[in-house]
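Engineer: Each chain is listed here by its residues.
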Amino acid sequence: DTEVTQTPKHLVMGMTNKKSLKCEQHMGHRAMYWYKQKAKKPPELMFVYSYEKLSINESVPSRFSPECPNSSLLNLHLHALQPEDSALYLCASSQDTESGSMDEQYFGPGTRLTVT
Amino acid sequence: AQSVTQPDIHITVSEGASLELRCNYSYGATPYLFWYVQSPGQGLQLLLKYFSGDTLVQGIKGFEAEFKRSQSSFNLRKPSVHWSDAAEYFCAVGATGGFKTIFGAGTRLFVKA
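Residue numbers (my numbering), protein chains in the order written: chain D, 524 to 639; chain Y, 995 to 1107.
Simulated from the structure, these hints should not be mistaken for lab results.
If you're wondering where the values come from, they're calculated on a predicted model, not measured in any experiment.
All C-beta atoms in this analysis are idealised placements derived from N, C-alpha and C, irrespective of residue type, glycine included.
Incorrect hints may appear among the rest.
Derived CB-CB ranges, DEER-like [said to hold, decoys possible]:
1) D/N580 - Y/F1104: 33 to 41 Å
2) D/G537 - Y/Q1039: 30 to 38 Å
3) D/K532 - Y/R1016: 31 to 39 Å
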């Protein structure tokens, strides 16, 4: 199984709502990522978890809160978002080997988020 | 600093014609290079990758790419394009042992009948 799943596919939320995005993989990967992608733009890295510990936070506003409950799951908790946060949120995973190579990332289909 | 340039924002190719998408990178050491494809509303799928060795890399869906160190390029090619190849293509570079992948701006491929 080389699939990364994301739920929900679409989410509409108001600026005062609290919601969560979920990502799951069963490939045994130990690195998981959150990206934000605006229309006609490349993905922008937000967070990276390695062995369930936050490894990279690309200066993301605190209204985005990641969580990695176990090696297969990755959540992104959303609170008090702004309309400019509307985007496609992509989750990815990779093996996180220590061979010195750059592991390829497997992406989920994304959650289309609209903030009203 | 690492960077990736995809000079063509969009390209239109006739079905059955050959395709070449350009990618130039800037990186101090030997780069780890990738091509990803993204269909509308979907996530990214890896087409191929280059780490070392043979500079001509074969990927999925009939794609190949050639690493040219002297030109800092990693162009993607396909001999005969199918309508299903219409998508956004991203070239990317990664750092050794790290997690950060730097994506190019992308090239949108249109295929005409």
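Engineer: Does the Cβ pair D/K532, Y/R1016 satisfy 31 to 39 Å?
Structural biologist: 33 Å, holds
Engineer: Against the range 30 to 38 Å, how does the distance between the Cβ atoms of D/G537 and Y/Q1039 compare: consistent or not?
Structural biologist: 33 Å, holds
Engineer: Lying within 33 to 41 Å: is that true of the beta-carbon distance D/N580 to Y/F1104?
Structural biologist: Holds, at about 37 Å.
Of the numbered hints given earlier, the model fails none.
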